[in-house]
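Assemble the complex: chain F is given as a structure, and chain L must be docked to it using the hints.
Residue numbers (this note's numbering), protein chains in the order written: chain F, 181 to 270; chain L, 582 to 819.
Certain hints may be false.
To be verified - Which chain L residues face chain F? A few, computed with CB under 8 Å, are given here:
hint, residue
1, LYS630
2, LYS756
3, LEU764
4, ILE777
5, GLN778
Stated by the list, open to error - Stretch-level coverage of chain F by chain L, calculated; a stretch enters the list once three of its residues show a Cβ under 8 Å from a Cβ in chain L:
hint, segment
6, 187-195
7, 208-218
What the hints assert, rightly or not - DSSO-like, lysine-lysine: derived pairs with alpha carbons at most 30 Å apart:
hint, chain 1, residue 1, chain 2, residue 2
8, F, LYS192, L, LYS756
9, F, LYS208, L, LYS590
10, L, LYS649, F, LYS208
11, L, LYS726, F, LYS208
12, L, LYS755, F, LYS192
13, F, LYS192, L, LYS726
14, L, LYS649, F, LYS214
15, L, LYS715, F, LYS208
16, F, LYS232, F, LYS269
Treat the hints as calculated values from the structure; they're not laboratory data. Here the structure is a predicted model, which means the values were calculated and not measured. Where is the CB? At the ideal position from N, CA and C, for every residue including glycine.
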Amino acid sequence: MYKLVDGAYVFKIFDQYLLFSTNEENQKAPYVRKINEMAGNICNELMDGCTKEDLVQHIERIYDTDGIDTETEIETFLLTLKENGYIEKK
Amino acid sequence: MIGTVQFGKVDVTIDFLYEDTRNYFIDIKPFKMDTPLVSVTANEIDNYKNHTHDASNAYVEYCLLLQKVSNLLPAYDHCLFHGAALLYKEKVFILTGPSGVGKTTQYRNLKKLYGNTIHVINGDKPVLHITDAKTWVYPSAWNGKENYHSNKKGACGGIIYLEQGLMNSIWCLKKEEAILPVLSQFIYEEHSRELIQNICRMEANLLMNVPVYSFINTGTLDSSELLYRHVMGGDNDV
Chain F
181 MYKLVDGAYV FKIFDQYLLF STNEENQKAP YVRKINEMAG NICNELMDGC TKEDLVQHIE
241 RIYDTDGIDT ETEIETFLLT LKENGYIEKK
Chain L
582 MIGTVQFGKV DVTIDFLYED TRNYFIDIKP FKMDTPLVSV TANEIDNYKN HTHDASNAYV
642 EYCLLLQKVS NLLPAYDHCL FHGAALLYKE KVFILTGPSG VGKTTQYRNL KKLYGNTIHV
702 INGDKPVLHI TDAKTWVYPS AWNGKENYHS NKKGACGGII YLEQGLMNSI WCLKKEEAIL
762 PVLSQFIYEE HSRELIQNIC RMEANLLMNV PVYSFINTGT LDSSELLYRH VMGGDNDV
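Next up, chain F with everything else stripped away, as it sits in the complex (with noise of 0.2 Å):
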């Protein structure tokens, strides 16, 4: 299972999603970054944790995926959201 880490949160103003992280040493404050609508659901799915299989599930139920390998498409976000320190696997 995957999960945001404590100290990222995603948030939504308007259509934009932010995703913030806390947890930098000295940090005085948050570092944000805007994330795409597709992004955005993932992490969302992310806060309470949940399974690489729930995500496929999720986003195929929310988009139009055909085409789109949409597998290879999340294990890719997701190794970016941990070599990034935004998510752990418990």
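Chain L alone, transformed into the frame defined by chain F:
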């Protein structure tokens, strides 16, 4: 030494450790019941002083109170915001942006050009009260190194995000474009989920009722005239 200080519409009781710290706060009222309480401990002051040299205990307490108050206000739809808040004809314009981009220069230029029609509310960290209909700007005790302040208040008419440049240009940002620049000017030290959620909620309301401008400026009088004419409504005076 306990007293109550008003930040916008929120009364906050401060238990001061040092008598001199009270001098940074104008209009301390007697203790008011049922108000949130903030205080700084001697230990927190010692820890802070490890990073700061030559600062008096009172000044350090004043700085630490900024952190505490900034974390408290968002629960009441208020916040401290980085910028110089200027009142012109019943509307408040907030000059914001990273340190050194010319906020104070713009204020001085506007005063030079338009004299007593321009009033400062707070030169560095005004209090905003953000509702879904309007944003109100109030003074705070944290005025910046120039100590520009007054007891005036008013409704926010615009936020101007400054950048230095070789020529002057100003334009209104789309809400989506304004999200990150404006978000970075909210002042808060705690990084809890609840507090950040409150900040995001306030920012959404702020952007709904206040236009945000990007202002690339040279810092000259010409640049301030441009700001006055195109954002502050100065053209209407002619």
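Does the structure break any of the earlier hints, and which numbers would those be?
As far as the earlier hints go, 1, 13 are violated by this structure, in ascending order.
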